[in-house]
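*Asks:* Start from the sequences, fold in the hints, and give me the full structure.
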Amino acid sequence: MRSIALVDCNNFYVSCERLFQPRLEGKPIVVLSNNDGCVVSRSQEVKDLGISMAAPWFQLKDIAKRHGIIALSSNYTLYADISNRVMRLLSQYSPNQEVYSIDECFLDLTGMDGTSDLTSYAQAMRSTIRQCVGIPVCIGIAPSKTLAKLANHVAKKQKQYHGVCDFNAMTARMLDNLFAKIEVGEVWGVGRRSTESLRQMGITTVLELKYSPAKRVRTEFGVVMERIVAELNGDACLKLDDVTPPRQQIICSRSFGIPVSSLADMKEAVTAYTSRAAEKLREQRSLAGGIQVYIRTNPHKDKDHQYQQSILVPLFEPTNDTRLLCRAALSGLQQIYRSGYAYQKAGVMLTEIIAVASRPRTLFDDAAAQQKSTALMETLDRINYRMGCGTMQLLGEGIRKNWAMRRGSMSRHYTTEWNELAIAYSKT
Amino acid sequence: MIAMQAAFHPCAVRQVPRATRGLLSLTHPNKELFYRQRALLRRAVPAGFPSPADDYVEQRLSLDEHLIQHRESTFFMRVSGDSMRGLGIFDGDLLVVDRAITVTHGCVVIAVLDGEFTVKQMLHTPDGQVLRAAHPAYPDLHIKPERDFSIWGVVRWNIHKV
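Protein chains in written order, with our numbering: chain A, 212 to 639; chain B, -12 to 149.
Just so you know, the hints here were simulated from the structure itself, not pulled from any lab data.
A quick note: this is a predicted structure, and the numbers were derived from the prediction, not measured.
Please note that a few of the clues may not be correct.
DSS-like mimics (lysine-lysine), calculated; alpha carbons at most 30 Å apart, straight line [said to hold, decoys possible]:
(1) A/Lys238 with A/Lys367
(2) A/Lys638 with B/Lys131
(3) A/Lys638 with B/Lys148
(4) A/Lys612 with A/Lys478
(5) A/Lys367 with A/Lys512
(6) A/Lys238 with A/Lys276
(7) A/Lys258 with A/Lys426
(8) A/Lys368 with A/Lys392
(9) B/Lys131 with A/Lys238
(10) A/Lys272 with A/Lys556
(11) B/Lys131 with A/Lys370
(12) A/Lys583 with A/Lys556
With beta-carbon atoms standing in for the labels, derived distance ranges [as the list claims (entries may be wrong)]:
(13) B/His57 with A/Tyr287: 20 to 26 Å
(14) A/Thr602 with B/Gly79: 23 to 29 Å
(15) B/Asp41 with A/Ile634: 47 to 53 Å
(16) A/Gly237 with B/Gly79: 28 to 34 Å
(17) B/His111 with A/Ala391: 35 to 41 Å
(18) B/Gly75 with A/Ala579: 44 to 50 Å
(19) A/Ile547 with B/His57: 51 to 57 Å
(20) B/Asp127 with A/Gly402: 22 to 28 Å
(21) A/Met616 with B/His53: 39 to 45 Å
(22) B/Asp127 with A/Asn388: 52 to 58 Å
(23) B/His57 with A/Thr573: 48 to 54 Å
All C-beta atoms in this analysis are idealised placements derived from N, C-alpha and C, irrespective of residue type, glycine included.
*Replies:* Here's what the structure looks like:
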């Protein structure tokens, strides 16, 4: 039988913050999304207060005051570094790893139980991560990815498992008893809408979904749900992807710190977002054939005049040159921008993405210009990598950036900036 | 022949002269092979005498390699205060802290005391664990079980600007 493990960091962003600010230990902490908009990570204390994920922060001000909840702005630079450390340590435990997100990864542990059972193997993994990087993790082990996700859920929720739950070490009867108590919405890939439709079919628990007739599930929900049912029965349908496929769309969209109502500011923001998207594009060695620009006012302010519009600008030829992409984006912005509105958000999306290697040759190719562009972009990326993000940018991004995000209480870049290291006191 | 000439020419790098290409293409029996060979010839051919040191080239020394034993569990911290000067750790110094190492008697550690990082020497005595400063003005700190205390990492190196 295959043994797939899902390792998931507990309250990852909060745990990263606590690692370098031990005074936050035991206190109710939330980490807020960009612009301090909504809750994206909660400490256990906050979860116990019944505050849900993605809750808008301004609605929580009262309850936060009552319980002394500390809110932090997200420090993605720190989280990315800690995540890399966790993932590299975990890669030593299996030849086959799929990093699924910033705080979770799948490991194929099939055949790793030579010296000890997998539960102790996983416990060793947990304590290594805890000691070396200071991040608590939970591990679920099962014959399929969907079941491993579920096992992880159980390991997290039920204290008696001490953070590791191995479905392969349990009898079929024990598993069914367990599944009878878990709601179907907890299953990986079952969204809110499917949960509702399943309920109408009389399926509310994982157990009922597991034993639901495959044919009927297929006709009602399609092949994806059929695969979920097969995975729940222990047939591994989903493989471990050790390489993440290059993204087909690259989006960079953010809300502004303050409403933007001038074309000049809007141009700066769109230039900045496009530059960031172009950077991501080059990182995965791709070219984009089109760019979509989109702007909107704040829909929550119903008294304000509302406007939103987007436009797709095709490029003459696929490129990853920041300058060409920005030129296209700005020409799109010119066409959709209307004055007299207070804009809250803008975004760009790169589309028709292809690999650099498969760049189509055309009659009008200017090889010399392309070579120059590649060299310039490489230099730009190298400088920004070495000297820090934003060291070299297009002037069009603006210098003061009045519109930039609010990140009121961001912690320091403890692991990536020499002048932001944690302080070790020797005063007592 | 062309490659040979190039190899013995005293200039470091040479390119094949343009004129020879056309001539070859007319006489070459296998077109595909010809194109491949031409591609090879077009590349610069390194020439001149090989360096007598070639066989002896080794990686230049790296401080990272010297100071960091475990890449994933090593962090840097900045010192504030002078209570560790007796062990050569001064205000503003840079500490290399490894979390993967087990604490033993006499280690310099980063301890978490009342929610703050403190650098101290860790001693195991008959009376229990003691955190000691390296300065006569600062008394020993006996760790009581009820005290909010943990070890964050072990200090492996101190980097002091001269």
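*Asks:* A separate judgement is required for each hint: does it hold in the structure or not?
*Replies:* The hints, checked one at a time:
1. A/Lys238 with A/Lys367: holds (19 Å)
2. A/Lys638 with B/Lys131: Since the Cα atoms of A/Lys638 and B/Lys131 sit roughly 20 Å apart, the hinted pair holds (cutoff 30 Å).
3. A/Lys638 with B/Lys148: holds (20 Å)
4. A/Lys612 with A/Lys478: holds (11 Å)
5. A/Lys367 with A/Lys512: Status violated; Cα separation ~39 Å.
6. A/Lys238 with A/Lys276: holds (13 Å)
7. A/Lys258 with A/Lys426: Roughly 39 Å separates the two Cα atoms, so the pair is violated.
8. A/Lys368 with A/Lys392: holds (12 Å)
9. B/Lys131 with A/Lys238: Since the Cα atoms of B/Lys131 and A/Lys238 sit roughly 22 Å apart, the hinted pair holds (cutoff 30 Å).
10. A/Lys272 with A/Lys556: This hinted pair holds, its Cα atoms lying about 23 Å apart.
11. B/Lys131 with A/Lys370: With a Cα-Cα distance of about 28 Å, the restraint between B/Lys131 and A/Lys370 holds, given a limit of 30 Å.
12. A/Lys583 with A/Lys556: violated (34 Å)
13. B/His57 with A/Tyr287: 20 to 26 Å: holds (24 Å)
14. A/Thr602 with B/Gly79: 23 to 29 Å: The hint (23 to 29 Å, Cβ to Cβ) holds, given that A/Thr602 and B/Gly79 are roughly 26 Å apart.
15. B/Asp41 with A/Ile634: 47 to 53 Å: holds (48 Å)
16. A/Gly237 with B/Gly79: 28 to 34 Å: holds (31 Å)
17. B/His111 with A/Ala391: 35 to 41 Å: violated (51 Å)
18. B/Gly75 with A/Ala579: 44 to 50 Å: The hint (44 to 50 Å, Cβ to Cβ) is violated, given that B/Gly75 and A/Ala579 are roughly 58 Å apart.
19. A/Ile547 with B/His57: 51 to 57 Å: holds (52 Å)
20. B/Asp127 with A/Gly402: 22 to 28 Å: With Cβ atoms ~59 Å apart, the hint is violated.
21. A/Met616 with B/His53: 39 to 45 Å: Hint holds: Cβ distance 40 Å, inside 39 to 45 Å.
22. B/Asp127 with A/Asn388: 52 to 58 Å: Since B/Asp127 and A/Asn388 have Cβ atoms about 55 Å apart, the given range 52 to 58 Å holds.
23. B/His57 with A/Thr573: 48 to 54 Å: holds (51 Å)
In this structure, the earlier hints numbered 5, 7, 12, 17, 18, 20 are contradicted, and the remaining ones agree with it.
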